[in-house]
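**Q** Going down the list, the protein sequences come from chains D and H. First residue of the first sequence: 85, per the working numbering; consecutive thereafter. First residue of the second sequence: 46, per the working numbering; consecutive thereafter.
No wet-lab data here; the hints were simulated from the structure. Since this is a predicted model, take the numbers as computed values, not measurements. Heads up, some of the hints might be wrong.
What the hints assert, rightly or not - From the structure, some residues in chain H lie toward chain D, with a derived Cβ separation under 10 Å:
#	residue
1	Ser323
2	Thr327
3	Asp454
4	Asn458
5	Gly647
6	Asp710
7	Arg768
8	Thr773
9	Asp874
10	Asp935
For each residue, glycine too, the CB sits at the ideal point set by N, CA and C.
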Amino acid sequence: MKKIILKITVLALILLGVTACDSKLDQIPFDQFGNENAYVSAADFENAVRGAYAGFTSGSMYGGSDQGGMIDAGDVLADNVTIAQDGRGTRSTLHNWRYVAADGPLSNTYQRTYIIANRANLILENIVSFEGDNKENIIAEAKAIRALAHLNSAIFFAKIPTQSGDANGSLGIAYVTEADANALPARETVGVVYDKIVADLTDALAGINETNPPGRLNKQGVATLLSRVYLYMGKYDLAVNAANMVTTKPAARNNVVGVWKDANQDGLLFYIPNEVGTLGIGVGVAYSQGSLNNLTPEYVVDYDFYTKFSDEDIRKEAYTAPGQKGSNKYNAIVKWFGRDSSFDGLVDLKVLRAAEAYLNKAEAYYRLGNETAARNALDEVRSRRYTTFAGGETGQALLDAIMLERRLEFAFEGHRFIDLKRWGLGVQRDGFGDLRDGTGVPSDVQSLSVGNKLQLPIDQTIIDVNPNIQQNPGY
Amino acid sequence: MRTKFSGILTLILALVVQLTFAQQKTITGTVTDDTGLPLPGANVIVKGTSSGTQSDFDGNYTISANVGQTLVFSYVGFVAKEIKVGAQNNIDVTLQPDAAALEEVVVTGYSTRNQTVQTSAVVSISASELSQMAPTTSIDNMLQGKAAGVQVTAANGKPGQGAFVRIRGTGSLTAGGSSPLYIVDGAPIREVDLATIPNEDIENISILKDAATTAQYGSRGSNGVVIITTKSGVRNKDASIRYSSRYGVTSQVHRNYQLMDAEQKMQFEAEMYALGVSTAATLPGVTTLPGSPERQFLLDHQTDWEKLILKEGILQNNSVSFSGGAEKIDYYFSVSNDRNTGIIDKIDGFERLGSRLNLNLDAKKWLKLGVNVGYSRSTSDEPRDRFNDQNPFFAALSAAPYDTEFVLDEFGNPVLDENGDPIYDTSGASDYPIREALDDEPQLNIYNTTLASINTQVLLNKNWTYEFQTAVNWLARRTEYYVKPGSYLAGVAAGIEGGLKRDFQDHRLDLTISNRLNYNLSSGDHNLNVLGLYEYNMNEFNRILAESTQFPSPLLSTQTNGALKREARSNRSRLTLVSYGLFADYNFKERYYVSGSVRRDGSSSFGADVQWGNFYSGSVAWNVANEPFFDVDFINDLKFRGSYGSVGNRSGLRNYEAQGTVTFDSYPGGSSTIPDQIANPDLSWETTTTTNIGVEFNAFNKRLRLVSDYFIRKTTDLLFPVRTAYETGAGTITKNIGDIENKGLEVSLQGEVIRTSDFSWTLGGNVLFLDHKIVSLPEGKPIDVDNTSIRWEEGRKINEHFLIRYAGVDPETGRGQFYGGDGNIYFADELPQDQENRVFQGKSTIADLEGGFFSNITYKGFGLRTDFVFKTGNWINNIVRARSNFDGSDIGFNQTVDAYNYWQQPGDTDVAPSPKYAVQDRDFYYSSDRWLEKGDYIRLRNVTLSYTFPKKYLEKTPLTSLRIYAQGQNVLTFTKFWGDPEVGISSGESISFAETVAPGETTLYSYPNTQSYQMGIDVSF
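Same shape as in the complex, but just chain H (with noise of 0.2 Å):
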């Protein structure tokens, strides 16, 4: 005890001597900019000590040093300056803004650069412009709309569900084949996972579009690349708090139709009775007579299934970060939370908790050590997505109004079962009691995704640089399907009354270790930068199934407990790719730029004979306002810019497609042999060279902007499952034959259109002009899309639909026509067999025009944000629509108020055709284009109101800023199409995220889009 305290005397004793001796002082004065303005929250420190303070709202600080000592004087975004202490008593400085940090940077793959210094179309979407969107899950839904060239098609409107993003349009043919690549912090992640990186995290996404960037990315980016970077922390800066929370409600997007009521429903049976629909003769409408006691039962209980299926969701979002540095350590740590319950009742949407530490710190002068590491978990229940009743979605609309959820007595109370529950009533033509299925048949993916960068750089003299990165994507997915025993379903399908669970568990882990040699040289006029780099990247998939049945109870649900284990699987599959690349650049005075790249990419998916391919670019740009004869003062750049290469794509190639293969399966007696793949040695990487002209101009301080480029794709060697005739019982070869193009144009404009310091109103927009084609197919053949209504063929646009054409309605037997492919109208039946009725007509699931726009007006603390998507030129086939005005077919299921306008008596026109013909003919409605339908629309995206506190109001609280907002989500829709016209899965069970070829071809009941609303407030302190 002695001794401590004698220490602390000490050490007080040492403190007060120093001060004695150290003639400390107190300094005063004023931060300013470079226009006199008094820069609020400017950090002054004293150099080598940990002391320091900030300037007030009027930019005046106050702070003690000795003689001798140097004052440090920081402030974001200008160049931090140093001035030594010496007799004066009062410092003002002005701070220099640093042209560097105010230039926007994009991330350039490998690399990061300035905007004007960059040869290359990208794109770059900052942190402060994502946080506007206040997205509600995935960030590839938010891409919309922000960037020329990107077409964006949410999937569907399910909780956590991303989107299909096409850059410059399709450029592969492949399921899958034409999405980007996505890299976070180094790490290719698939773009179905993009929803388990928190949001809150992003700091950047950078869109790399052209050849002169993407062919860095070799056999990996010909669909361009998605670059995210992840936050990190500012040096010489104290901790930064931040938090952000958010809530909402959401609901379905208002719906354009009117379905049926029970009234409606049973006077439309009852007519099509009369014309002699007889499947009708079971139902109510014909079984009650109108006014009859047991039809006012009916009418009585009638039920509004889409109120008692869906409900109105909610959003939430939470998220804490902590941000700072000192000299040598910069910092982020974020935990966030994200909730959206989607809205189907009885189960819960998507949730994710997600963790974040970025740290970068300086070890030596020499040495540099980076750590990236973020984790989350997503939870999401998943809904049947199919084309039947087991969908919640389909259930809401086909059931019929006077079918009630429960079986009810005479009274109209539901009737119970030995345990008390109401018994479900299943004796609807929408038989499937859904309500029951939601609670007894629940699915569950848990996300558990680890994303970790770590990095050295090794500074090895003022030129060279070596740095060492492994970037790890590690995600473990673990799917819970549960038929509960006594659960309806197990009581209809078979082999499982005892309920049926199965467990998969994949892992997903993609690996990267990078090194790269860095060389750079700045020589007065000449900017000059190389780099080289080896890579190796590892991408391994396992998957654990287990299956079992007979459970001894809904409440127990591990495959411990199933008493019949019906499989037991197990799956491996590896994927590698070695690298070696050169890319350098070079520019001189920022007037005449020149830049090229190499790259060498072994893959093991590819074919033993070409296992390497080469992908290469080059581009020249010439920024015209940096000449000197160029003296036009109020514009501040005026680029040329030109590149092509190209670039591979090996996304669409299975792991060992190349190589002649077996698998087994099992059969009485033991295993049996099934011949799966042949051989192809040849098989390789799909190549698309581009070729790119752009312009950029920055004009009046940069408040005037535009970019714009012209691209030609022209995409090769693309790979196609080639059918084998049906008759050599073989499959299919995947072979690299085909060529389709892409052409465009893409502008992009923005201005300030006020400037003041009160208020200010910014505009802005893109849009993608769309041209595409294709060019040639194996063998000249067209090819019919599995499951679609899309036929690919030469010197047709991608994804055209290929249908019988719809020639209306006979005005004098009511029966519908079609277009024979000689072009003369028949009846169904009468439909020449000889020859190909279905025809092209330029329809193509692909908006050929597409883009965003908004307006940003500030003024004082106030904020209005809106911004609007739109798209135009793409075909849907409205199957949603067919059925629900399914002319008598299908009786049973309800339809819209529309079914009634149907034929009645010679002459009418302008109606759906008679019912009397509804069985005969209905299959032709579905091959045929009646139900063909332009997907145009213009939709209010976002509108977000805000109020930033000013400073003043928070000086007396230790908050440093305080933004509330209210937002509002798909608020506004202007379409023509029948029902949602942003239209991505069709069906998820009948074909999936990843198997989609053609996004938007057709509607079949997948999980509709959401508009919501949202209150918000951001506090920092």
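For reference, chain D alone in the conformation it holds in the complex (with noise of 0.2 Å):
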């Protein structure tokens, strides 16, 4: 009986020991977040906005990839740049149009154009029932972000309005405005997606700040990407009223260089600081890898375009350097290479500057008839750009102008690809190879004539998640 009662008094401590396991069921994650905690107070709401930001810093948006994204895309699949032999191939079917359905290009930046969406979307609904000071900054920035992701996609795989006389009427992209992860958008027409960018963007300019903070967009930001919009769609008065609200000059010619290695801002509207420990990104991946003197290339300034570059241009010196893999010299393609004298390609994303706004007011004007403003606006980069310059073009030498300079001037930020499909034009390139001089061996495919080439498909997959996406004609 004593040992019964010794046994049962042993079971009992052990049991003891072990009971109350079942509310250990209840697990909460360390390292994530409850939805339902995420958008409460201000804080919430900044880190949120923060957060759709964010979205933009991916390689396939402005953070620099070797797969192809906004400040590369444009200028591989146009004539800015040649193919590096010595460089690993990336992005050669884009450069090359080779591009098809099953892997199609710039997926990347296509994916990413919604997740920024989605997160600005969820602020746009959480908001609702905030009332804090910052309430109409924040939703005018998150008008704001979603209608810049919603462009970039816009422009790649959609026509652009000015393209051609059935733009307005052809597929553009699917313009989301609402956070539901259950929906499957449709394509809207090219029209119907730039009036809602312009929607957007106008609420956007009514409420967003005069300053934000660094790495986020303010007045200045927003009315030069209207006034780009309404280039695009051919609104071209109303894309001077939207550049005219720009106060801010381009970058001063002295500081050009300086702009690229971060030593100044000057002319810049909306750019993200790039630090490691915050963001650390290697935005110069997109052109090349290694240092100038054992550069690894992806793509080199073509030739042809390098001798656009006159001594007086400060540009030159801004954007291009030469470069050498063992025997092999580049002109090396330098916009994103590094600060001071490093080469990790460690730089602040440059996003919309200053120069833009003039350079669109200047063909608005052109294409108003307007021709002394245009090339006062042209000027006004122009003198920041050139010891001197001759100038006082008029008719097509004046729109010629103002084309070469827009090339000139966003060379390697990937705008060459979009202007040259907005103007109606196709892209031919000069036959150089990739060395310095101009020998070496040239890029694969030298032209790509106006047509369904200009659209980019898209990807296979994403069709296949979601049938209401129609593919591009030609694919």
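Since each chain comes alone in its own frame, lean on the hints to assemble the complex.
**A** Structure follows, in structure tokens:
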């Protein structure tokens, strides 16, 4: 009997130590936050809007990527660069226009558009019940973010309104304004998409702060964006009006080199500071890796284009430099090369610059027939780039000058292909090789005529998931 | 001093007195077995004292004892016998075999059963069988071909790397979700961590296959359970000391294709250039002329990259163990060291140091205590496993043979840098200085693993037992990756000019606290066992990561020395499981068997609405041979059994996956909110219901054994990350949608063909015939598996390749052709864009027939064992072959001599496409079935020739046994596959072990499998 009691005591003691386990089933994550807690306070919305901006730091947007993004795809697809044989052949299908739907190009950019839009939409939906100081500014930022995200896909995957007569009625992209994981959005027409972009940007312009912290949009940034969209839409008077809201001047000539080394921020309207520990993104990988003496270039400055940079032009020094790999000498692209003397590609992400507002204005005025105003706007840029320049062009020569200046100014920032496309042009390369003197191996394919290939195919996997997404013609 | 002396004197006197009074006498005798054969080495102990002896080779013994004392005769596998010393001076003893001990004991989950009384499909592999395999490192590799229904695919040949084990097919479509549950002494362990267990410590591996036993593991058992039990000592036996040592060499499994040498490569380049492959323009085959001094210089200094990068590796194993026991205690102690340098020059492979103490003791008549503790430390040098020339194996096959390791001067001597070190040549197409990287970019993994289980058993009365167990598996892993300052990578990669160091420290703790109440009733013909279970399992993962750049010296690599801290991070997650179980089994006269189980699991990973799940099983069996009417004498057992049950699988479920969450990242100005998971409160386990019918047949004193099972496994509620439309930007939601089915027949046959006292020959083998299909998928839509050519589609096999069909070369133009989805033949750029051109061809990555067979011959002391494994019916997309025969693409990389066989003139057939079309067509070759190959093979996994010294030679030595052997592994392979057909991981940095959904889908230069030759010795004394 005594023994039984002893045994039961032992049993009881052990059991005592291990009871009440069921409550341990309620585990909450240590590394994450429940959704219900994420959009409550003013600080939550600040975090959330930064999260939406953070979407733009992806390589497929402004972060620089060897798979194509906003700072390179528009150059790789066009005539500003030549593929380097010492490179790894990245984006060669894009460069040679060999893309097919099965392996859709820039599909990361497409996906990123909607990731960013979703973050913006979550803010816009959750902020309804929030009443705080900065509400209006947050809403404005979220709408501007949403507009920019959509624009970045629309220009590649759909026609641009001025591109051709049928553009506005052709397939645009889905413009998503609701955070609904179960939705199956369809493509809208180009006209509708651009109207929605304008609507968001107009709201944003009304509500956004004159200044916001670095890494965030402000009034002038949104105005520049709006002038771009109106220009793309062929609404030149509105483009001029929007551009006129930009009072910041293009970077002064002696600041231009420093802008791209992050020594100053002259003329920058929206840029994302890129510091190790916060972001630390190697943006320059889009064009090359390694030092100038041991360069692994993916793309180098197209030789013909290189000759268009006059020695008077400060951009020649700011954007290009002699580089080499072994005995192969190149005209390297150094716009995103690194700060000071480093070559790590770690530089701020420059998204919007004042120079664009002036060049948008120049082009819009020209289209409106006001050549003087056009020339004045153009000279605002040229006077800050060249030591001396002739100027005074009229007629076609003026338009050519505006187009050339745009090509030079935004070289290696991804504008070129979009500009050619919206002007209704194809791409014609010059047949030069990849080396510094134009010898070496030229790019495989030298020209792209106006046609379906100007609109990239939408990756098949995207369509597989959402049958409402119609493929572009020709794929 | 004086007192001590008198004390000793008193003691001696007492002994003398005792001697005088106790009538000590010498007893002699012989110990024999039931057939009359002498039993050498039998223990003879005077009960209650420490005095004892062992019988000699002829079974004779001599011992001193007093009249009235009791002698205990014991021998492993026989029932001990006690005889009281009386007047006789000679005691001959015949020991009867212990029926229970000779029966194979199988671990069936929370209990052990004799093979004959269990009703489930269980395979048990014993220590002796394992040691015959002389495993090179990890235990899971050894399971291949050993058990019917178990498919094993070596992950790759990296030392210490494990294998993908699939029991009865692929039971889940989530990454890592198809692996069985592994339990070591009660503690779960991950498949990838199995190499941390020293093989020498393993007593038994039991593989539970059907629901009758796996259901006892509830929400974790549906892919089968592998139960690993470590060794323990034998009671009443003096310590046995065992020492084993092994040494050998290892090298890459023989390659069945030939790379170009420098001359061939340059000629090839010239041919390519002539055909218009412009990228060849700058290559030496074009820039130098045959016969020129420049060409000769290249030929004179050509490099065999494979020889340079690889080496012959060393295998080494040493272990010592002590085991034995007294009346109330048994113990097993071991230390072991394993080393496998791997086959990459300049880095070490895998090394493991293990130590273990297992102790069981009867503290009181009603209280038993046990403790099993093992510690191991493993280190592993990790080469980059990626699909480019930072991977040594990619470089070995791809670097051009005329390229040199170092930059050479005009005399062919290396050019030196300012420190007098040769400068690496980085000018080639494969320009990464891989040998430099092996020195200057080391990655080291260090695992410290503690496996401990503490056990208490209270015998409440003769029927009731209560058991309490705490089982812990604590894995501490440290990973160090260092890009040294001054290294090539530091020079070219962005932002790490001053070097980069990344340190991970992971702690993985798995704690199980288990309470079991057992009721056992054996009354006459009825045997009943009921087990009640209440268990709590907690799994916690902690990680700290730190990363710095700007190091002052390559010799200093701790984070303290990094001037610029780039990243510091910690992560934690926890998973809990609370379980109740009731398991019962009953048999009547070992003729009729019934068993059943119910388990209720609550898991923290399940959605709020479905936190608890119930899992059950039932089984019956009938042993006809034990019926009175059955009078076929040569049949020992003829058992029919059937089982049915429902088991869960939660391994594909991430810890908090059912909850809607956001994460935070950094952005200028502060935190940034990143929407992450979308909530799904209905998210739960995958369920597999298994129906099993089996027969076990033993005949001729169990010399012939046949086990065969037919099973149907239906898995429902499959976990899928369901892709939301990309346009929602929301990512994926994990849902329980979808069903798959695996059906199969397992046959295992073993027979002792010859058994005489001197000569025996055993033959055996097993095979699995597997049939599998995907029954339903979310919304019935097909799913393309990321980074693979696999598509899942309803009605199709699991893991079927989905590719465009290659239609061969157009004999007229020499251009490659493809079948469109409409069945017509097209050139690549003409393939119809408005339809799907990829097709299914019933070619899955999963073998539909797999198994192994062996032969074991012993003659006197000699033994010859051969083990074969085979696999057929699986298809591999052979990208390494594609790149080695690249039709003129990436022409700077080396090719095989087969690349010469390209189309040259109209009418050529059975050739590769003309390189003229290389650039524009090459991407289509990746997405076509041109390089899809059958992965069939038969491999001589193991051949061992051994000699065990007869006892009579050892009599004069302190040794009780001595065995020497020579062994070869992966010595022979029969396959039509190009390259090595044993493919698991394609490229570890593309898809890691843990993320692999379809092992053996493609080849991408992962660590090749190795063959080895070893010599070894096992000594006991």
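**Q** Is the interface hint satisfied for Thr773(H)? The criterion is a beta-carbon contact with chain D at less than 10 Å.
**A** 5 Å, holds
**Q** Answer holds if the nearest beta-carbon of chain D is closer than 10 Å to that of Asn458(H); otherwise answer violated.
**A** At 19 Å from the nearest chain D Cβ, Asn458(H) fails the 10 Å test, so the hint is violated.
**Q** Using 10 Å as the Cβ threshold, decide whether Thr327(H) counts as touching chain D.
**A** 7 Å, holds
**Q** Is the interface hint satisfied for Asp935(H)? The criterion is a beta-carbon contact with chain D at less than 10 Å.
**A** The hint holds - Asp935(H) has a Cβ within 10 Å of chain D, the shortest such distance being about 8 Å.
**Q** Hint Gly647(H) vs chain D: min CB-CB distance below 10 Å?
**A** This interface hint holds because 5 Å falls under the 10 Å limit.
**Q** Return the status of the interface hint for Asp454(H): holds when the least beta-carbon distance to chain D is below 10 Å, violated otherwise.
**A** 15 Å, violated
**Q** Go through the hint on Ser323(H) and say holds or violated, using the shortest Cβ distance to chain D against 10 Å.
**A** 6 Å, holds
**Q** Hint check: is the beta carbon of Arg768(H) less than 10 Å from a beta carbon of chain D?
**A** Since chain D brings a Cβ to about 5 Å from Arg768(H), closer than 10 Å, the hint holds.
**Q** For the hint on Asp874(H), does the least C-beta distance to chain D fall short of 10 Å?
**A** Asp874(H) check passes; min Cβ-Cβ to chain D is 8 Å, inside 10 Å.
**Q** Less than 10 Å between beta-carbons is the criterion; does Asp710(H) satisfy it with respect to chain D?
**A** Holds. Min distance 6 Å.
In summary, the numbered hints that this structure violates are 3 and 4.
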